[in-house]
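S.K.: Chains as they are written, first to last, in numbering that gives the first Met the number 0: chain S, 0 to 542; chain C, 0 to 125.
By construction, these hints were calculated from the structure, which means they are not laboratory data. One should not assume that every hint holds.
DSS-like mimics (lysine-lysine), calculated; alpha carbons at most 27 Å apart, straight line [stated by the list, open to error]:
| id | chain 1 | residue 1 | chain 2 | residue 2 |
| --- | --- | --- | --- | --- |
| 1 | S | 8 | C | 93 |
| 2 | S | 457 | S | 4 |
| 3 | S | 132 | S | 385 |
| 4 | C | 35 | S | 136 |
| 5 | S | 457 | C | 35 |
| 6 | C | 26 | S | 413 |
| 7 | C | 26 | S | 457 |
A quick note: this is a predicted structure, and the numbers were derived from the prediction, not measured.
The residues making up each chain are set out below.
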Amino acid sequence: MGIEKAAVKLDTDVLIIGGGPAGAWAAWSAASHGARTVLVDKGYLGTSGATAPGGTNFLYVPPNQEKREQAVEDRLEGGGYLSEAPWIHRLMEQAYQNIELLEQWGYRFPLDGNGNLFKAHLQGPEYMQIMRKVVLKAGVRILDQCPAQELLTDEHGVGGARGINRLDGNVWEVRANAVVIATGGCAFLSKGLGCNVQTGDGLLMAAELGADLSGMEFSRQYATTAAFGTITRNRMLGWATFYDEEGHVLHEGGPRESDFMAKQLLKGPVYAVLNHADTEEKRRILRLSTPVWFLPFDRAGIDPFTQRFPLTMRYEGTIRGTGGLRLVGHDCSTTVAGLFAAGDAASREKTAGARSGGGAYNASWAIASGTWSGKGAADYALAQGKEARVRQLRLAGAYGLERNAQSAETIDTKAIVEQVQREVFPLDINYFRSEPVLEASLKRLHSLWPAVKGSVPKTIQGRVRARETAAMVATARWMYTAALARKETRGMHGLREYPELNPALSHRLLLSGIEHIAIRPEQVPSRTYDVIPPVIVKEAARL
Amino acid sequence: MIELVSAERCIQCNLCVKVCPTNVFDKTEGGVPVIKRQEDCQTCFICEAYCPVDALYVSPFTDEAVQVDEEELAAKGILGSWRETIGWGPGRQKLAALDQTPFIDRILPPRPVRAAGISDVKVQTS
Ligand SMILES: Cc1cc2nc3c(=O)[nH]c(=O)nc-3n(C[C@H](O)[C@H](O)[C@H](O)COP(=O)(O)OP(=O)(O)OC[C@H]3O[C@@H](n4cnc5c(N)ncnc54)[C@H](O)[C@@H]3O)c2cc1C
Ligand code: SF4
Ligand code: SF4
């Protein structure tokens with residue numbers, strides 16, 4: 000099949016792929032630095048991605064040298080010594096500055112008991128609605144419902160992207176000298192809240208241009224939800240008592256051992272009731288902190304404070320992991336000229352190290368890396384002598400695309416996705432990791448790979464899903480390749496055979512290649528007290 | 000999963016078609032949108048928040064379709080309840096300002112916090 004004509008063609012300086020927080024901040028930053036900017040999102044900037052439907056705690060440390068030093072020390076240790084102090088300092092400063100802007104733009108933080116503004120948590124729908132307004136106000140053109148499917152390239156690097164409009168099936172093409180990948184992580188369609196749009200597309204697109212990945216072994220995060228639902232906010236379970244099928248108490252109130260839930264779920268069903276929220280006041284506080292958590296219970300007619308409900312764990316893939324595209328510069332550049340990465344699509348090891356947990360690093364990273372990459376992309380694009388539209392660009396996509404089909408057999412996306420899920424969801428493969436089990440699983444994943452080179456279903460959704468399927472198989476293969484190479488336990492990764500941290504392995508693991516995956520270590524720079532300045536945006540859009 | 004587009008309430012603004020992150024709805028010629036790919040619904044409730052006339056209902060059950068009765072949902076005040084909770088719509092107070100997260104740590108059950116490795120147990124504050 001030849002190359003399809005694009006019905007919509009746009010020329011710009013910077014293209015942002017993805018409209019979660021990272022993409023939104025990147026678009027605002029690029030436009031504020033003088034670049035013509037287009038943002039494309041698979042869904043809709045404002046509703047799509049892991050933050051939009053719920054909310055996130057973010058890292059917010061006001062400029063107090065002592066507190067910040069302490070936060071850095073804690074994180075270096077908590078992150079398994081794979082993060083870098085100057086990057087963590089800059090993250091805190093950038094997030095601090097941007098949160099101030101967000102307030103100016105109209106986000107209302109609540110008051111704490113002492114009458115001070117409490118800045119640690121963002122309600123997703125509100126936050127992302129404001130970001131959409133800010134991005135539009137900055138002059139960015141947004142294409143919603145327009146998943147990017149592949150990048151454009153020539154010998155000078157990236158030159159834009161091409162994709163499809165899910166609403167009308169039109170093919171679009173945006174030519175740009177700089178591209179920011181902000182497509183989020185990959186959660187393998189596990190239906191965690193807001194997670195089904197993140198299928199690793201950006202990782203695959205960038206890897207097809209030769210970008211490296213890093214930290215893919217740090218991908219072991221699950222979130223506990225009511226078995227029937229999607230709302231993954233584990234905090235509420237801090238007020239729970241847990242029971243087994245027969246009603247025996249497994250755990251009573253308060254924090255649990257880190258493996259508690261996974262271990263119990265392997266034995267059999269687990270139920271919870273939030274009976275430690277035992278006053279009206281406590282119940283009211285919990286409800287108003289995380290209303291989305293209570294919504295499904297109210298609708299299902301279950302009172303979670305008095306009635307038991309069954310639990311399950313939903314896999315989050317790389318979303319609350321720390322792996323992604325390897326960054327090489329302070330401007331979030333990758334190894335491919337003109338290609339930048341931000342948010343969950345990027346490796347977050349420079350700030351979070353080997354563990355992110357739910358504790359706020361990712362949300363602030365999306366804000367900060369978005370801002371840095373947006374400026375980086377704007378500076379790069381504006382420094383090019385030639386506009387992208389006069390470059391001889393070709394399409395770089397290789398897998399899950401009709402143009403490149405190597406057989407007439409149609410890719411059975413449903414079956415392949417289910418097979419990948421059977422390798423990455425089970426706790427006894429991916430949570431309690433061990434060498435022989437992971438090896439066998441990786442072998443099965445490799446054997447799935449040829450199937451994504453088949454012919455692509457003709458429908459719009461089929462075309463989108465075929466590409467997503469290829470990205471998910473690739474991501475799973477990267478994850479387990481890295482997991483098997485890290486023969487130790489560090490941060491969120493562990494192998495049963497190697498239960499201890501091995502100081503000799505205090506390096507990152509870089510992956511390159513899709514067909515054949517090569518792996519090599521990258522030393523973490525030794526501790527310095529260098530200061531990397533934040534990005535100050537003078538032309539901040541005012542609403 | 001999404002279970003209802005109320006033909007009676009819908010004003011055919013097609014906002015739900017535009018904002019659904021997983022492309023569940025299709026526009027129709029001169030009619031109300033249809034739930035075309037229910038199995039792709041990620042149960043994120045976001046379409047309900049955006050619908051200006053509370054015409055949508057997302058059931059809490061993620062993996063199974065259920066029968067719903069519009070009259071009953073309306074009578075119980077469930078249609079539009081999520082939009083009301085987050086304070087969207089004219090004259091309502093936005094949820095962000097009512098957020099009770101600042102108080103949450105104070106009411107934790109009395110137990111030593113062994114937070115290492117437990118996600119979401121401790122909010123990182125300044
Ligand atoms: C259950 C849960 C709880 C969490 N809690 C916290 C917390 O308390 N604190 C914290 O710091 N972090 C938390 N996180 C993580 C946080 O939500 C993410 O780090 C954050 O959303 C990342 O932002 P992002 O913009 O990189 O990605 P996302 O918000 O996921 O956005 C990605 C965007 O890319 C788009 N996209 C995907 N593919 C394509 C494509 N091919 N073309 C175009 N667009 C595409 C999607 O539509 C989406 O809009 C949590 C995550 C989960 C799942
Ligand atoms: S958002 Fe509501 S009113 Fe608008 S088309 Fe959808 S259902 Fe109808
Ligand atoms: S609940 Fe979310 S995924 Fe389902 S139809 Fe509504 S917006 Fe779409």
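S.K.: Next step is simple, just say for each hint if it's right about the structure.
M.R.: Okay, the hints, checked on the actual structure:
1. Note on residue 8(S) and residue 93(C): the hinted pairing is violated, with a Cα-Cα distance of about 39 Å set against a maximum of 27 Å.
2. For the hint linking residue 457(S) to residue 4(S), the alpha-carbon distance of about 16 Å falls within 27 Å, and the restraint holds.
3. Restraint check for residue 132(S) and residue 385(S): not satisfied, since their Cα atoms lie roughly 31 Å apart, outside the 27 Å limit.
4. A C-alpha spacing of about 33 Å is found between residue 35(C) and residue 136(S), which places the hinted pair above 27 Å, so the restraint is violated.
5. For the hint linking residue 457(S) to residue 35(C), the alpha-carbon distance of about 17 Å falls within 27 Å, and the restraint holds.
6. Among the hinted pairs, residue 26(C) with residue 413(S) is consistent with the structure: their alpha-carbon atoms are about 25 Å apart, no more than 27 Å.
7. At most 27 Å may separate the alpha-carbon atoms for a hinted pair to count; residue 26(C) and residue 457(S) meet this at roughly 20 Å.
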